[in-house]
Amino acid sequence: MYRVELTKAARRWRTWLVAGALGGIPALIVIAVKLSPPAQAGADAPPFLVQIVRNGLFAPLTGLAVIQPFFLPLAAGLFAGDAIAGEAQGGTLRYLLVRPVARTRLVLAKYAGAMTLLGLMLLWVVAVGTVFGAVVFGLGPLPTLSGTTLSTGAAFLRILGAAVYMFLAVSGIVAIGTFVSTLTDSGPGATVATVILGIASEILDNIPSLHVIHPYLPTHGWLAFTDLFRFPIAWGGLRGGLVVSLAYTAVFLAAAVLWFGRKDVAS
Amino acid sequence: MTALVARGLTKRYGDVDVVDRLDLRVERGELYGFLGPNGAGKTTTIRMALGLIFPSGGEVELLDRPVFGDGRSEALERTGAMIEEPASYRYLSGRRNLEVFARAGGGDVGRRLARIDAVLGLTGLSDAATKRVKAYSQGMRQRLGIAMALLGDPEILVLDEPTNGLDPAGMREIRQLLRRLADEGTTVFVSSHLLGEVEAMCDRVGVLSRGRLVAEGPPGALRGAAQRLLIEVDDVHRALVILSSVTGVEASLEGTAALRVRLGGSTAAEVNAALVSGGVAVSALVPERETLEDVFLALVEDDGVPG
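Note that the protein sequences, when read in sequence, are chains E and R.
Everything in the first sequence is counted per our numbering, starting at 275 for the first residue and increasing by one.
Everything in the second sequence is counted per our numbering, starting at 3 for the first residue and increasing by one.
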């Protein structure tokens, strides 16, 4: 079922559209910075952008940072929110279940499929950013946030590590999206609900007076990938982000499996 | 060896029993017509038989295995189904759709893949196989749905209104296909709200109304059960009294010298004998030609549905 999911996704325009949009972001950043260097853009330019001119490795890094607040929840919504609700809406869900595909297996295959697509998208952003950055600005050793320097190779590994971390960190929202997807027969409805939940979590995370709940928000740990660029690496935030994300994954995947296992499929 | 059995099968939504203690038994190799007006509970029954909807009570068996118990997968693997409308991935071609459904789920994937050309041919879709489903007409989608149902070389086909959206020629083609499959040994369970369709092809018909089976039998017998007579007698009131004691018979006044009688299982000869032995002179006894719709409405009215 998992393989079937991937072949279906590969033949779908939507998948390539998302890939095009996400890959376009680091490419666009590189081109924009080349055409209009931050020196002219003024002092309000974000710190990563200023650095791209000196080192193309900042392009994939900026790409990851830019897709994280909005495009990542959006992709999670599209891939996970639509996963089961979209099949229900199209009517194909009942035909998969009578084939038969076991309900638990369907939920897990859908989750794994969504995670795989998100992982590929993240790698794609890194790849496009690195290639564009290298061609336009060249690559070089990367200064850490603590003032030390990483060799080009080590820095690239850290960037891959950041992508892997984001992949794991987004797993919680993907599980929430999969659960939402079992609740409704409307694909767009489940997609939008998932995106809203992700963005709402980020907004709450930015309201200082709610700091008590911040560590428990599914998106709270997302920005911690920057901790990989400290010396020594500040593992605390990373570990916290992973634990919260894995907890959300476990709870909502279990909820999706249990709920869908007992659901009357009337779509 | 049964193909489909329901015992006291019930589905309750709120206070309404959409399917109400339904007993049903379909033998292997039968072409069974499951007839009923829209909303009678046909689709809910079919969805329970396929494990999509959980019953509120009772049990259902498919190919001798409990649908809500062990063995469900083996039973479903040998079942082909079309539930309400056919559905497919619009962004894929007909052939790719069949590939997706051949690969999904357990059982013999290789055999299902190898059957794709055959089922495309059986349903007349070979020429349209590479077109995206988006561009299919409704009739072609219906055919693709049937092709999907046939993919696993099923022992039982469960089809919900399979000729919906087809033109008369297409309907006939599908009927002939189902008849042929049944003759070759496949059990076919087909729901319909069209009497003509069911009568033309089925071995046995069950009529569902308000979630209950109100009649069952070969299509010909079904027609007889609701047959009506127009009887002219010398004393209509006396005749009414006599007929009220004949089981199954319902009589009503038709003008001043005639009765309209619904046989409900009795024969015209029995009615005649009862009247004559009761001293009523019968001057005419005319069987009324009924349309199948009349038969159907009569059966459904029995269950208290206004009609």
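No lab work stands behind these hints, which were simulated from the structure alone.
Hints may contain errors.
[What the hints assert, rightly or not] Sample of chain E residues lacking proximity to chain R, with all beta carbon distances greater than 10 Å (derived): (1) G294; (2) A295; (3) A339; (4) G364; (5) L371; (6) V375; (7) V410; (8) L442; (9) A467; (10) I473; (11) T500; (12) V539.
[To be verified] Here are the simulated BS3-like pairs of lysine-lysine, each with C-alpha atoms no more than 27 Å apart in a straight line: (13) K537/E to K282/E; (14) K282/E to K136/R; (15) K282/E to K133/R.
As the structure is a prediction and not an experimental result, all values here were calculated from the model.
Positions of the beta carbon are idealized from the N, C-alpha and C atoms, including for glycine.
Going down the list of hints, with the structure as the test:
For G294/E, the requirement that its beta carbon stay farther than 10 Å from each beta carbon of chain R is met, with the minimum near 17 Å. With a cut of 10 Å on Cβ distances, A295/E stays outside the contact zone with chain R, its closest approach being about 18 Å. With a least beta-carbon separation of about 33 Å from chain R, A339/E lies farther than 10 Å from that chain, consistent with its non-interface assignment. Listed as a non-interface residue, G364/E fails to keep its Cβ farther than 10 Å from every Cβ of chain R; the least gap is roughly 6 Å.
For L371/E, the shortest C-beta to C-beta distance to chain R comes to about 6 Å, within the 10 Å cut-off, and the non-interface label is violated. At the 10 Å boundary, the C-beta of V375/E falls inside the reach of chain R, the nearest C-beta of that chain being 5 Å off. Remark: the non-interface label on V410/E is consistent with the geometry, its nearest Cβ contact in chain R lying 36 Å away (cut-off 10 Å). Its beta-carbon lying about 28 Å from the closest one in chain R, L442/E satisfies the requirement of being farther than 10 Å from that chain.
At the 10 Å boundary, the C-beta of A467/E stays outside the reach of chain R, the nearest C-beta of that chain being 23 Å off. With a least beta-carbon separation of about 28 Å from chain R, I473/E lies farther than 10 Å from that chain, consistent with its non-interface assignment. T500/E, annotated as away from the interface, keeps every beta carbon of chain R farther than 10 Å; the closest lies near 39 Å. Separation of V539/E from chain R is inadequate, the least Cβ-Cβ distance of about 4 Å not exceeding the 10 Å criterion.
For the hint pairing K537/E with K282/E, the CA-to-CA distance comes to about 25 Å; that is within 27 Å, so the pair holds. Distance check on the hinted pair: K282/E and K136/R sit about 15 Å apart at the alpha-carbon level, within 27 Å; holds. Between the alpha carbons of K282/E and K133/R the distance comes to roughly 16 Å, so the proposed pair stays at or under 27 Å and holds.
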